[in-house]
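All chains should be built: construct the whole structure from the sequences, respecting the hints.
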Amino acid sequence: DTGVSQDPRHKITKRGQNVTFRCDPISEHNRLYWYRQTLGQGPEFLTYFQNEAQLEKSRLLSDRFSAERPKGSFSTLEIQRTEQGDSAMYLCASSGPASYEQFFGPGTRLTVL
Amino acid sequence: EDQVTQSPEALRLQEGESSSLNCSYTVSGLRGLFWYRQDPGKGPEFLFTLYSAGEEKEKERLKATLTKKESFLHITAPKPEDSATYLCALPDSGGYQKVTFGTGTKLQVIP
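One line per chain: the protein sequences are S and B, in this order.
Numbered according to the working numbering, the first sequence spans residues 1 to 113.
Numbered according to the working numbering, the second sequence spans residues 1001 to 1111.
Everything labelled a hint here was simulated from the structure, so no lab data went into it.
In this text, a Cβ means the ideal position worked out from N, Cα and C, and glycines have one as well.
Treat each hint with caution, since some may be false.
Just a few of them, taken from the derived set where beta-carbon distance is under 10 Å, the chain S residues facing chain B [unchecked claim]:
| # | residue |
| --- | --- |
| 1 | 4 |
| 2 | 33 |
| 3 | 35 |
| 4 | 48 |
| 5 | 50 |
| 6 | 52 |
| 7 | 92 |
| 8 | 102 |
| 9 | 103 |
| 10 | 104 |
| 11 | 107 |
Here you go:
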């Protein structure tokens, strides 16, 4: 399968714990995006990488959130000191250099108890 | 600020009953408009990109059209497997890479 993959698919954690999610983009895509989606809403942009450089961050991305893309391949999104309000689906997408059509992964469903 | 508004929020159709979903938008410089399909618990699946007013694209029972203020997703003779949430989205006029999504239309097609 050559689509965007995300791991884990589901994560249940207790409030205050740290969690980390991984995204592997489509292999030839140099752009990678993270979104958050809550029930009944469309995805909300969190951050964007071009190769290994993080070029844009949403105001939604508080200091507890950090994202990396070492070597311009896979990316990780870490949430520190999770809160119940962080419960959501976290989506990763990628796009190629010649287009800004974004292709999404299956998402990671986070539940904070 | 760019805005995307979708209507209706939910739509229930009998199998074979054609209808249209609406996406109204406000953007200072249109760089394209995307349509996605999203099944429950899954990531959005890319359907179409429309770039300019008057453009139309088709895929199976779906046809997307674009005017200067809105886009329509026409569904002809829908089947139960077309049941999903349909999202429209705009590349942000302030930067090519941020995409603003609407809240979606949840379509249910009843056999």
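Here is what the structure says about each hint:
1. 4: holds (8 Å)
2. 33: At 7 Å from the nearest chain B Cβ, residue 33 of chain S passes the 10 Å test, so the hint holds.
3. 35: holds (8 Å)
4. 48: Holds, because the Cβ-Cβ distance from residue 48 of chain S to chain B comes to roughly 5 Å (cut-off 10 Å).
5. 50: holds (8 Å)
6. 52: violated (15 Å)
7. 92: holds (8 Å)
8. 102: At about 6 Å, which falls below the 10 Å cut-off, the nearest Cβ of chain B leaves the hint on residue 102 of chain S intact, so it holds.
9. 103: Holds - the Cβ of residue 103 of chain S comes within 10 Å of chain B, reaching about 6 Å at its closest.
10. 104: Holds: closest Cβ of chain B sits about 4 Å from residue 104 of chain S, inside 10 Å.
11. 107: holds (5 Å)
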